[in-house]
Each structure stands twice: as structure tokens, then as C-alpha cells.
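S.K.: Model the full structure from these sequences, guided by the hints.
Taken in order, these protein sequences are the chains called A and B.
Using the numbering used here, you'd call the opening residue of the first sequence number 1 and step up by one each time.
Using the numbering used here, you'd call the opening residue of the second sequence number 1 and step up by one each time.
Any given hint might turn out to be false.
[Stated by the list, open to error] Which bits of chain B does chain A cover? Going by a derived footprint, with three or more residues having C-beta under 8 Å, they are:
1) 22–34
2) 50–59
3) 87–97
4) 109–116
5) 132–142
6) 158–166
Simulated from the structure, these hints should not be mistaken for laboratory data.
Yeah, the Cβ is synthetic: ideal placement off N, Cα and C, and Gly gets one too.
Chain by chain, the residues run as shown.
Number of protein chains: 2
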Amino acid sequence: MEVMEAIRGRRSIRKFKPDPVGDELMRTVLEAGRWAPSWANTQCPRFVVVRDSEVREKLAQICPGRWSASVRDAPVVLVACAELGKSGWYKGGWVTDKGDWFMFDTALACQNLMLAAYSLGLGTVPIGYFDAKKAARLLDVPQDVQVVLLLPLGWPDEKPKAPLRKELKEVAFAEKYGRPFIP
Amino acid sequence: MEVMEAIRGRRSIRKFKPDPVGDELMRTVLEAGRWAPSWANTQCPRFVVVRDSEVREKLAQICPGRWSASVRDAPVVLVACAELGKSGWYKGGWVTDKGDWFMFDTALACQNLMLAAYSLGLGTVPIGYFDAKKAARLLDVPQDVQVVLLLPLGWPDEKPKAPLRKELKEVAFAEKYGRPFIP
Numbered sequence: 001m002e003v004m005e006a007i008r009g010r011r012s013i014r015k016f017k018p019d020p021v022g023d024e025l026m027r028t029v030l031e032a033g034r035w036a037p038s039w040a041n042t043q044c045p046r047f048v049v050v051r052d053s054e055v056r057e058k059l060a061q062i063c064p065g066r067w068s069a070s071v072r073d074a075p076v077v078l079v080a081c082a083e084l085g086k087s088g089w090y091k092g093g094w095v096t097d098k099g100d101w102f103m104f105d106t107a108l109a110c111q112n113l114m115l116a117a118y119s120l121g122l123g124t125v126p127i128g129y130f131d132a133k134k135a136a137r138l139l140d141v142p143q144d145v146q147v148v149l150l151l152p153l154g155w156p157d158e159k160p161k162a163p164l165r166k167e168l169k170e171v172a173f174a175e176k177y178g179r180p181f182i183p
Numbered sequence: 001m002e003v004m005e006a007i008r009g010r011r012s013i014r015k016f017k018p019d020p021v022g023d024e025l026m027r028t029v030l031e032a033g034r035w036a037p038s039w040a041n042t043q044c045p046r047f048v049v050v051r052d053s054e055v056r057e058k059l060a061q062i063c064p065g066r067w068s069a070s071v072r073d074a075p076v077v078l079v080a081c082a083e084l085g086k087s088g089w090y091k092g093g094w095v096t097d098k099g100d101w102f103m104f105d106t107a108l109a110c111q112n113l114m115l116a117a118y119s120l121g122l123g124t125v126p127i128g129y130f131d132a133k134k135a136a137r138l139l140d141v142p143q144d145v146q147v148v149l150l151l152p153l154g155w156p157d158e159k160p161k162a163p164l165r166k167e168l169k170e171v172a173f174a175e176k177y178g179r180p181f182i183p
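M.R.: Below you can see the structure in the form of C-alpha cells.
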């Protein structure tokens, strides 16, 4: 699948078929995450592949209602984590006003994962609204690692329409902020 | 270009030819950012297309030495910004222990931009290490908006090798954190 076709065509999928997702497909998806760029190549993102239905059920219980079904029903939940103290750091300290850049680097990898999954016919939905501390305890995530995102993944059982996007001129500017970029 | 080919083949490019990048190409790249997913479709990322060489020179001066040449020499510097108070919020407040998710959503869009650029033959390099407050003043960025990333963009004048990546089993785990995923 072409890059721009994947970028435009990817939708968040919340309903999944029960069919499993094989290891080879999972490897391709995870490789996509591994190849994302990162702060000075520090590679802070980590991913836990959760297939165990009891663990998925427990993860579903720490999401608000609207999102729990995807976590419960998807054959795989990728749990995106990040090692702290790497991204955004230089010589033992933060070097920007953003502090630790773990959220940024994890998202770069997650976007790769979502695009790769879509190109293989798989659906995903990024879920940030859940109790990350409880997820960390459930998956034995160490203290210096943050749980960032739940990414249910599986074979789509719906074809949602694209949510409305802002116009390009509302989000892209020329030379100064607020001056619309109109090609 | 195929999705996985772009994900694996994209390299950070720090040396650019002086040739300009036309508006139609810029539109395609920016569209890729616009189509990224975001927290409850709140779409916080914004992009300023800087071509003016005097402004690029000023941006170069607020980067540490190693990165300033890319900002000075690339025909375009995309400046990624984010509206605060949207991503990670629900009913007027943050709902997770991560606070505002602007870094996450901006990175999702930036990864799309970098992949789209690469698929068009363009190079980019993400730069987070610079004085974001000075960049904001330079580009008239309002108080409730953060400047996040400088993304020099242009026609590559180098073919760098891929920096070493961690093995898949070091970054991908099965069921529990730290238990290698080996497909």
C-alpha cells in the first residue's frame, strides 16, 4: 500500500473480528515501531503484546466505558510504554522546556505501528484515557518506565467514516503563525 | 512508495541541496500531517512553513551548533506547534497522569509528515533541541500554543546509513514487560 493512501485511509477501528493475528504479522507491525526515529537515537519506546484474554479483560476494566469494548474484543492489545530519562535528555538532564520527550518518541513509533497495521489490513485504535498506573502493575512494568497508550489491534469488523478534519488553511501557516498557507 | 519501505528507508537528512520545494509538494506533506489521528479528534497540531532565509538564519541561531546547519540550509523549515488545552483533556481538565498530550499528538502528525516527505523524495530531520520560546516570539506564536519541533525539509544531499537499532526482542515483549517477544 502506498504511503499517502495509508495516511489518508487509516481509520480508528473499535470493532474487531475474533480471528487471531499471527506472529509474523505482529513482527511486521512491531518492526515498524522499531524503525521510528527517536531523540539522538535513544529509542525509549517499548511494546507489550497482550493476547491473554484475562489480561485484556483487566485492561478493559481500567478504561472508561466507551473504550473498554475494543480492549476486551481485539485479539491483541499492544501496550506502548517508554523508558524515562532518555528522550529530551543530554548529559544527565533535560535540555528543553518540554522535560522528558517520551510522549513524543512513543507517538512517532505508534504512528508507524498504526500505518503498518493498516497496510496489512489490520485495524487499531489509540487509547490514552485509562489508568496507566494500574496497567503498569498488571504488566510488571518497572518504576522508571511509563505506560503511555493502549492500542487494540485486530481484523476490522466495521468501516467507519473519517471524522471531520480542519481545513489545511486552519492548521498550516506561511512564515508567521496564523497566516494561512494557501498553495 | 510502499508503507513498510518508507518506514524502514526514511533516514534523518542533515544536508540539503539549495533547490526550492514547490507549493504542491508542500501541500501533500502538510496534508499528511492533517490526516494524523488525535485525542478525540481535537487536532491540536499546527505547522508554520518557513522559507524566508532571514527567519531560517534566526532559527538556526537558537539551535545548538550541530543542528544549526540543517535549519540554515534547508529550503523549508516546518515548525511544528500545538494548541494546549485540547489533547488529553475532557470536560475542562486533564484526565491522565500525563497532563496535556500535545507532545503525543504533534508527534503522530510529524511522523506522517516525515514519511510523506520521504515518499516524495524529500528529506527531513526532526530537531527538538532549540529555544522554543525564542522561536515562538520569532513566528508570532500565541501564548496558549507551544512550539515543539523544527523540521528542516528539502532535497537530500547525502545518503546516510541507518543508525543502529535495538533488536526487536529488546523493545517488544510478550504478555509481561521484559519477557522478549520472539515470533
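S.K.: Would you mind marking each hint as holding or not holding in the structure?
M.R.: Tested hints:
Check on the segment 22–34 of chain B: 10 of its residues sit with their Cβ under 8 Å from a Cβ of chain A, so the three-residue criterion for coverage holds. Check on the segment 50–59 of chain B: 4 of its residues sit with their Cβ under 8 Å from a Cβ of chain A, so the three-residue criterion for coverage holds. Counting residues of the segment 87–97 of chain B whose CB falls under 8 Å from any CB of chain A gives 5; the rule of at least 3 is met. Only residues whose beta carbon comes within less than 8 Å of a beta carbon in chain A count, and the segment 109–116 of chain B has 6; three or more means the coverage holds.
With 6 residues carrying a beta carbon less than 8 Å from a beta carbon of chain A, the segment 132–142 of chain B meets the three-residue requirement, and the given coverage holds. Proximity of the segment 158–166 of chain B to chain A, defined as three or more residues with a beta carbon under 8 Å from a beta carbon of that chain, is established by the 4 residues found.
Checked against the numbered hints given earlier, the structure satisfies every one of them.
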